[in-house]
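Peer 1: All chains should be built: construct the whole structure from the sequences, respecting the hints.
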Amino acid sequence: MCGDIDAFMTWFQSNGGTVDLHAMGITEFPGSGRGAVALCDIPADYTLFSLPRTLTLSTRTSSLPHLFGLNKWRAHKLHKGWVGLILCLMWEDACAHEQGNSISEAGLWSPYILSLPETFDTLMFWSEHELEELRGTSVVDKIGRQDAERAYHESLVPAIETAPSLFSPHHLPRWYSLEAYHRAGSRILSRSFTVSRWTSQDAEEQNDDGNDEAGAHDSEGELEANEPDNANTSFGSAMDVDELTPAEDHEDEDEDEDEDDPSDIAMVPMADLLNARWGGENAKLFHEPKILRMVSTKSIKKGEQIFNTYGDLPNGDLLRRYGHVDLVPLNADTNAARTAGVDSHINGAIATPGNPSDVVEIKANLVVEAVRARWETKGNGERDIAERIEWWLDEGGDDIFVIPHPNLQIGISYELPRELISFTRLLLPSTDFESVLKKGKLSKSKQPDAEVLGVLEEVLRTREAMYAGGTVEEDEQLLSSSSASFTTRRRHATVVRVGEKRVLRIARDCVKLLFEALQKNENRAGKKDRQNGSSDGGGMKRGAGTAEPGRAKKARQ
Numbered sequence: 001m002c003g004d005i006d007a008f009m010t011w012f013q014s015n016g017g018t019v020d021l022h023a024m025g026i027t028e029f030p031g032s033g034r035g036a037v038a039l040c041d042i043p044a045d046y047t048l049f050s051l052p053r054t055l056t057l058s059t060r061t062s063s064l065p066h067l068f069g070l071n072k073w074r075a076h077k078l079h080k081g082w083v084g085l086i087l088c089l090m091w092e093d094a095c096a097h098e099q100g101n102s103i104s105e106a107g108l109w110s111p112y113i114l115s116l117p118e119t120f121d122t123l124m125f126w127s128e129h130e131l132e133e134l135r136g137t138s139v140v141d142k143i144g145r146q147d148a149e150r151a152y153h154e155s156l157v158p159a160i161e162t163a164p165s166l167f168s169p170h171h172l173p174r175w176y177s178l179e180a181y182h183r184a185g186s187r188i189l190s191r192s193f194t195v196s197r198w199t200s201q202d203a204e205e206q207n208d209d210g211n212d213e214a215g216a217h218d219s220e221g222e223l224e225a226n227e228p229d230n231a232n233t234s235f236g237s238a239m240d241v242d243e244l245t246p247a248e249d250h251e252d253e254d255e256d257e258d259e260d261d262p263s264d265i266a267m268v269p270m271a272d273l274l275n276a277r278w279g280g281e282n283a284k285l286f287h288e289p290k291i292l293r294m295v296s297t298k299s300i301k302k303g304e305q306i307f308n309t310y311g312d313l314p315n316g317d318l319l320r321r322y323g324h325v326d327l328v329p330l331n332a333d334t335n336a337a338r339t340a341g342v343d344s345h346i347n348g349a350i351a352t353p354g355n356p357s358d359v360v361e362i363k364a365n366l367v368v369e370a371v372r373a374r375w376e377t378k379g380n381g382e383r384d385i386a387e388r389i390e391w392w393l394d395e396g397g398d399d400i401f402v403i404p405h406p407n408l409q410i411g412i413s414y415e416l417p418r419e420l421i422s423f424t425r426l427l428l429p430s431t432d433f434e435s436v437l438k439k440g441k442l443s444k445s446k447q448p449d450a451e452v453l454g455v456l457e458e459v460l461r462t463r464e465a466m467y468a469g470g471t472v473e474e475d476e477q478l479l480s481s482s483s484a485s486f487t488t489r490r491r492h493a494t495v496v497r498v499g500e501k502r503v504l505r506i507a508r509d510c511v512k513l514l515f516e517a518l519q520k521n522e523n524r525a526g527k528k529d530r531q532n533g534s535s536d537g538g539g540m541k542r543g544a545g546t547a548e549p550g551r552a553k554k555a556r557q
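Each residue of the sequence shown is one higher than the one before, starting from 1 at the first, in the working numbering.
A few of these clues could be false.
Just the calculated beta-carbon pair ranges, DEER-fashion [unchecked claim]:
{"id": "1", "residue 1": "V140", "residue 2": "H22", "range": "43 to 49 Å"}
{"id": "2", "residue 1": "H22", "residue 2": "G279", "range": "24 to 30 Å"}
{"id": "3", "residue 1": "E132", "residue 2": "T462", "range": "52 to 58 Å"}
In silico DSBU-like cross-links for lysine-lysine, where the CA-CA straight-line distance does not exceed 30 Å [stated by the list, open to error]:
{"id": "4", "residue 1": "K444", "residue 2": "K363"}
{"id": "5", "residue 1": "K439", "residue 2": "K363"}
{"id": "6", "residue 1": "K80", "residue 2": "K290"}
{"id": "7", "residue 1": "K142", "residue 2": "K80"}
{"id": "8", "residue 1": "K363", "residue 2": "K438"}
{"id": "9", "residue 1": "K512", "residue 2": "K444"}
{"id": "10", "residue 1": "K363", "residue 2": "K298"}
{"id": "11", "residue 1": "K363", "residue 2": "K80"}
Simulated from the structure, these hints should not be mistaken for lab results. Quick reminder that beta carbons are idealized off the backbone N, C-alpha and C, glycines included.
Peer 2: Right, dumping it as structure tokens:
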């Protein structure tokens, strides 16, 4: 181990943390940096390490809010979002690096802070030229650089300027700069956990499950078989955490009750050393009244890496939060990508690695633009479209539709998002909107008709044209390139966009197959209609005008 990790391990154990150094070690993994490795065969339900809640770093445990003054803290809106925790990390960073700090409460986490990374490959640090490689992907709109920098200038800077005794003017250029702000924010985004307050309700629920408040651990450190699996994934913070529990009453009674408590977001020493990989989770962090405990969720062989989980995110989100992408084997025959009621397989089997969680987001305005031309002959087309959109949103409909990767639907038929089909059908002029308003809902249909499919095909084609780079094959060829100009960031961007393009290709193939299925059904219906209309025993043919109304309607459909 390098020096700062040795100091960190000493600090961790000196402040109430326990770690089984016979079972787990910290080492460097090529391509993924530091991580935890199994030093022996580890059984499932084994405690790897634990730490007191007081050793986590959050606005709840840091002394800075109290030293600054809670009223002032709230007046500067440091209790909202992540800006308060970012300031706590910046303050601890300054205390860890600067000597002669006169504040006795500062520096508790200095050995931990010194072990954290200084540089990141997350999108917050990419240039505009580098971000151009991600054009068309949904992740570009989620970086949030402008909002983050607005909070820095409007909340954080005015706050530190009012307390020179806490934030030395000599420290401002280095430890409280915009660059330092982004560095602290990236540490939180990539390494934080949601650590909710422990309440009496948690204890009651655990006791109801037959477990005591200590979590039913024996003296050997192993979990009993009846330990409840209360470690769920949180997408609000970076890593995998235990189940969320109701936060205690906030001081602001008028705040949204559904709003996450920012003080729940915490840096958890040792736990954030574990790397993560798609589908590789073998350990999770569990809550107890006074401690947090990292427990193996399956057996781990000696020499294997110990992985936490981030919830198996798409590559776009992985790149934004952590600065890396995941590539795992995909379902080669794409049997899961079969459309409902269609026997043919989706064209273009996926043979190269990818991320099964990759998705494509379709904004509602693309559907609106594709439908608008179909209203040209209607006098009040724009007004009618606007009314239908307003109704959709009032009913709780989304304005972004997510198309999943077919690998997440193994064992079932691949389907286009039903919400996307419903929204498209709602906007079409052939839909009786008055009937929709009267019923309060859209009529359900298992499959989209030809008119809906025509719109969807146009939407998907338009969406595909928005991406940087070329076709899927051209981007895959780039990934096999060994050119020096093909940097790690450009490679990661190509992986993200080619993953989304694959999803779009499968979705377009799905539309094509549904078209073909409709045509086959029409041909069969027409053939049956013709057979029923053929000559009878007397040699006379039934005229088209005498066909049964229901049968003729079915043939037209």
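Peer 1: Evaluate each hint against the coordinates.
Peer 2: Here's how the hints hold up against the structure:
no.	hint	verdict
1	V140 x H22: 43 to 49 Å	holds, 46 Å
2	H22 x G279: 24 to 30 Å	holds, 28 Å
3	E132 x T462: 52 to 58 Å	violated, 20 Å
4	K444 x K363	holds, 22 Å
5	K439 x K363	holds, 27 Å
6	K80 x K290	holds, 26 Å
7	K142 x K80	holds, 19 Å
8	K363 x K438	holds, 27 Å
9	K512 x K444	holds, 21 Å
10	K363 x K298	violated, 40 Å
11	K363 x K80	holds, 29 Å
Violation of the numbered hints given earlier is confined to hints 3, 10; the remaining hints are satisfied by the structure.
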